[in-house]
Structures are given as C-alpha cells and as structure tokens.
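Undergrad: Sequence:
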Amino acid sequence: MASKPKQLLAELTHPGPHEVLRGNLALVGLPGVVFTPRSGLGLPAIAFGHGWLQPTGRYHQLLRHLASWGVVAAAPATQRGPLPSHRLLASDLLSTLDLVTTVRLGPDGISVDPDRLGLAGHSTGGGSAVLAGAQAAATEPPKPRVRAIATITAAQTFPPATEAAKTITAPGLHLAAGGDLVAPAVGHAEAIADAWAGPVQLRTLGKSSHLAVTEGRHWSQLLLQGKPRRGTQQLTRALFTAFFLTHLTGTDKYLPLLDADVKHAPIELTDDEAAA
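Residue numbers (my numbering): 7 to 282.
Some clues are possibly wrong.
Here are the simulated lysine to aspartate or glutamate pairs, EDC-like style, with alpha carbons at most 16 Å apart [to be verified]:
#: 1; residue 1: K12; residue 2: D267
#: 2; residue 1: K172; residue 2: D277
#: 3; residue 1: K149; residue 2: D121
#: 4; residue 1: K10; residue 2: D265
#: 5; residue 1: K149; residue 2: D119
#: 6; residue 1: K10; residue 2: D258
What follows is a set of in silico ranges between Cβ atoms, one per label pair, in the way DEER data are often shown [said to hold, decoys possible]:
#: 7; residue 1: R236; residue 2: G112; range: 24 to 32 Å
#: 8; residue 1: L33; residue 2: P148; range: 27 to 35 Å
#: 9; residue 1: S91; residue 2: W225; range: 20 to 28 Å
#: 10; residue 1: G63; residue 2: E25; range: 27 to 35 Å
#: 11; residue 1: T173; residue 2: R44; range: 35 to 43 Å
The hints are simulated quantities; they were obtained by calculation from the structure and are not laboratory data.
Bear in mind that the values here come from a model prediction, so they are computed numbers and not experimental data.
Ideal placement from N, C-alpha and C gives every residue a C-beta, glycine not left out.
Using the sequences and the hints given, assemble the complete structure.
TA: Printed below as a string of structure tokens:
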C-alpha cells in the first residue's frame with residue numbers, strides 16, 4: 007500500500023538508515039566539506055552552495071541528513087567574502103561534483119555515479135546552483151550531467167539566475183520563505199521558477215525568514231533578516247531528500263509527498279503553470 011504524504015514527510019524528517027562520514031574537500035584541492043554514507047557504490051551526489059557570508063557549517067545537519075539517506079552531499083567553502091563572484095561559486099559547485107565523482111571517498115572505497123548528480127543551495131548559493139546548472143547544460147555533451155536542482159530562499163545573482171533558468175531542463179524544486187525580507191519570492195525564487203525551462207515546483211514555507219534554514223549562530227545575523235528555525239530546517243531536509251531520491255535514484259516512493267500540499271509548505275507553482 008502506498009504511503010500517504012504525511013507519513014512520507016514524517017519518515018523523511020528523521021535521519022535515514024546510513025551511518026554518515028564527514029570529510030574535508032581541502033584534502034583534494036578545494037576548501038569545503040563532504041558528507042557521505044559509510045559505504046556504497048554508484049551513489050547519487052549533490053553539491054550545495056552556501057548563502058551570502060554564510061560558512062558551510064551552517065548547513066552541516068542538512069548535508070548530514072542527505073547523506074544518511076544515501077546521497078553524497080558536498081559544499082565548497084569558497085566566495086565567502088562580502089563581494090563574492092556568483093559565477094565563480096557556480097564553477098566551484100561543478101568542480102565539487104567533478105571531485106566527488108573522481109576521488110576516492112571514505113575508507114571503504116565509496117563511489118559516486120556521474121550520471122546521478124544534482125545541485126542545491128541557499129540564498130545566493132541557490133542562485134549560483136542555477137548558474138551552475140546552466141553552465142553544465144551549455145557544454146556538449148552536458149558535463150557534468152545535472153539531473154536535479156533544489157534551492158531554499160534562492161536569491162538573484164550576477165549574471166541573473168532568472169536568465170540561466172531559461173536554459174535548464176532538469177527538474178527544479180524551489181522553496182521560498184513566506185517572511186523573507188532579504189530575497190522576497192516575487193523577485194527571486196518565484197521569478198526563477200517562472201523562468202524554468204523544465205519541470206519545476208515552487209513552495210512557500212510559512213513562518214520562515216531568509217536565514218531560517220541555517221543552523222547555529224553567526225555574526226551575519228546582525229546584517230541579514232531572520233534566524234534559524236527548526237520547522238523550516240525539518241521541512242527543507244524532508245523535501246530535499248524526497249526530491250533528490252526521486253530524481254537521482256529513480257524511486258517513485260516519494261512522489262506522493264512531492265505532488266501534495268504540505269502543512270506550512272503549500273505548492274504555489276507547478277511545471278504545467280511554468281510552461282504556460
């Protein structure tokens with residue numbers, strides 16, 4: 007019997023069955039962090055872009071959660087200054103995917119399938135993930151082959167993520183925050199979703215701010231609106247996990263969750279509306 011969306015949400019809110027290892031990307035030439043299941047061959051992987059001024063440590067639990075469900079999750083710790091290059095962060099995200107597919111991960115020889123790759127990000131890191139998706143799609147053949155892209159409170163970039171979205175045919179999931187005063191959905195996540203060339207979904211997380219997905223305390227909270235919120239973190243972990251497991255592993259188990267309105271995360275836009 008198929009599980010109901012509420013049951014699937016509850017399941018994915020909790021850590022998955024895999025023991026998780028943490029590694030340092032700097033050991034292979036790029037500052038950053040990577041979380042992997044303890045073992046596994048041909049695993050899916052995602053590269054995650056941090057938000058403006060945010061250290062990768064503010065996303066460790068999200069990355070660890072994905073790894074516990076069998077997805078290698080890595081985040082480059084570059085372009086963290088007040089005037090970052092969104093284009094260079096996008097390139098670093100693609101370099102991260104190259105690294106995790108070519109470098110031995112973990113003591114038991116964990117491997118990543120180069121045909122099961124995704125991108126994700128928060129704030130301008132979300133916008134950079136969109137730029138990275140467009141960069142990858144522009145190569146012939148597309149390299150790396152990005153199968154899915156997910157963002158949380160995505161922010162516009164330079165060059166514009168909205169323009170890059172027009173060239174991306176991979177499925178997209180964009181989570182906006184209902185109380186975001188830094189990157190309001192109408193000019194950012196919603197605009198990116200509207201421009202998306204492929205299947206896309208936009209959800210609005212109620213009672214959430216721009217920094218609600220981040221973890222711990224950081225001095226940037228003096229400059230940016232919002233603070234960590236457990237409910238937003240749990241929803242993001244569950245929806246990201248369902249999205250990437252669906253599009254990177256081929257399972258249809260979590261489609262009922264992805265197709266349903268969720269409390270505090272209703273669907274605002276679907277692929278049919280985006281294509282209109």
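Undergrad: Run every hint past the structure and note whether it holds.
TA: Checked hints:
1. K12 x D267: holds, 10 Å
2. K172 x D277: holds, 13 Å
3. K149 x D121: holds, 10 Å
4. K10 x D265: holds, 11 Å
5. K149 x D119: holds, 13 Å
6. K10 x D258: holds, 13 Å
7. R236 x G112: 24 to 32 Å: holds, 30 Å
8. L33 x P148: 27 to 35 Å: holds, 28 Å
9. S91 x W225: 20 to 28 Å: holds, 22 Å
10. G63 x E25: 27 to 35 Å: violated, 21 Å
11. T173 x R44: 35 to 43 Å: holds, 37 Å
In the structure shown, a violation is registered for the earlier hint numbered 10 alone.
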